[in-house]
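Engineer: First to last, the protein sequences are chains A and B.
Using my numbering, the letters of the first sequence correspond one by one to residues 999 to 1171.
Using my numbering, the letters of the second sequence correspond one by one to residues -7 to 178.
Since the hints were derived computationally from the structure, they do not count as laboratory data.
Predicted model, so just to flag it, every value in this text is computed and none were measured.
Mixed in with the good hints there might be a few duds.
[To be verified] Okay, the calculated bits of chain A under chain B, using three or more residues with CB under 8 Å as the criterion:
no.	region
1	1015 to 1024
2	1038 to 1049
3	1056 to 1070
4	1091 to 1103
5	1110 to 1124
6	1137 to 1149
7	1158 to 1170
Glycine included, each C-beta is placed from N, C-alpha and C at the ideal position.
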Amino acid sequence: MFGYFGLETWSPYLAGVGIGILVCLAFLISDRPIGCSTAFLKASGMIGKIFRRRQVEAMEYYRLFAPRLDWQFMIVPGIVIGAFLSAVLSGTFLFAWVPGLWEASFGGDPVPRVAAALAGGILLGIGARWAGGCTSGHGISGTAQLSVASVLSAACFFAGGIATAIVLVHLAG
Amino acid sequence: MDLDKIRRNERTQAVLGLLFGIAFGFLLQKGAVTRYDVIMGQLLLTDFTVVKVMATAVLTAMIGLYLLRSRGLAERHIRAPSIGSNVIGGLIFGAGFGLLGYCPGTVAGAVGQGSLDALFGGVPGLLIGAGVFAVAYPALSRRILSRGGVKPQTLPEFLHVREETAIVLAAIAIVVALSGLELLGF
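Only chain A is shown next, with the shape it has when bound in the complex:
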């Protein structure tokens, strides 16, 4: 019904070329790389400001990355909308607590899955800000500029991720 936009998935190469062009457009029109982890930092600052406005505004890191509804924040609500549109157009939008691969190893109970996701999210948030970027900022935008910091970070993202995934599979037996 929606032609190409209604397909469940595209070739990974087509999606990749599209993302590469998007990165170029971001440099051209917005003079910045595409990154996602800063949005979570800004959101954490905005939530913190509800409770302790002065203390949060005085913090060194939030002065470097002001908690505001700017480009770097808006990209993440945008991703939610874009992925929602893609899923709805292909008729694959589905509320699900436990992904298939997790269920095959650890069962369908949502509690352990959400607990692992929460713990993983905390490490991901710390690690992304520690390394100064995430899979998109370092992995794609930075690597495309042949940045040593980004290639080093991306290699460690995957080295750490592969090791953790293998340990997880062994825990499941």
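Add chain B to chain A, keeping to what the hints say.
Structural biologist: Relative to the frame of chain A, chain B by itself:
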């Protein structure tokens, strides 16, 4: 069209951020990399969709950004490398990546496709983690983040070759690696 004016207008940029996000989220979901099973398949080395999407994006952006910069239409945006920041932070990120099964961009895409583990586990976790880092930042920045600084900022500097040479070599490496994956049946 005045590029500088558009780049400096904060309200325009906030709207552009949303639009870039929508396009990015759409492409991530269509590329199947917003799925836990696809990302974990990559980390278990059984499904190479993530590598295919990322490597193609890097190849496209590497050539596009070089052309834009050589025409004065784009600036370079890179960070100073260090072991303390990139290696330690990267490994902490990796541990979270393997446990969550999404990264900061794809977790948002997963929320958009209805994955509730991303919405109620991954997103609050990322907010807590980023907030914890903000609190720890003054101590970390003095003691750890700049430790083991690496002098060359870019691969051409590191390899002592011209930028054009490095781009051609990287492009060949990506094409060979992707062709190899296809030939091996991944």
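Engineer: Hints numbered earlier in the text: which of these fail when held up against the supplied structure?
Structural biologist: none
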